[in-house]
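Model the full assembly from the supplied sequences, consistent with the hints where possible.
Under my numbering, residues 1 to 75 are what the sequence shown spells out, in order.
There may be inaccurate statements among the hints.
Claimed, not checked - In silico EDC-like links for lysine to aspartate or glutamate, alpha-carbon gap of 20 Å or less:
id	residue 1	residue 2
1	Lys39	Glu72
2	Lys39	Asp75
3	Lys39	Asp12
Treat the hints as calculated values from the structure; they're not laboratory data.
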Amino acid sequence: MQNTQSRILILDCGSQFTQLIARRVREARVYSEIHPPTKSMEWIREWNPTGIILSGGPSSVTDDGAPTVPRELLD
1 MQNTQSRILI
11 LDCGSQFTQL
21 IARRVREARV
31 YSEIHPPTKS
41 MEWIREWNPT
51 GIILSGGPSS
61 VTDDGAPTVP
71 RELLD
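What follows is the structure, given as structure tokens:
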């Protein structure tokens, strides 16, 4: 039986392992969805995830054009 109370938001910042992470979360019977890191804080609040996984990519956070997440998410 799937745990319908918990849901995990996976923000895909370019990792080659994002699908694997999602599969592992789902194997633990927790609902998850993968979305780009450009989702707004308003959308994230409305979706109301139990947890958030930031799936990193090959870029350094200091590189020009590196994927970013809403600043409020890290506060």
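These are the hints, each one checked on the structure:
This hinted pair checks out: Lys39 and Glu72 have alpha carbons roughly 12 Å apart, not beyond 20 Å. Restraint check for Lys39 and Asp75: satisfied, since their Cα atoms lie roughly 16 Å apart, inside the 20 Å limit. A threshold of 20 Å between alpha carbons decides the hint, and for Lys39 with Asp12 the separation of about 10 Å falls inside it, so the pair holds.
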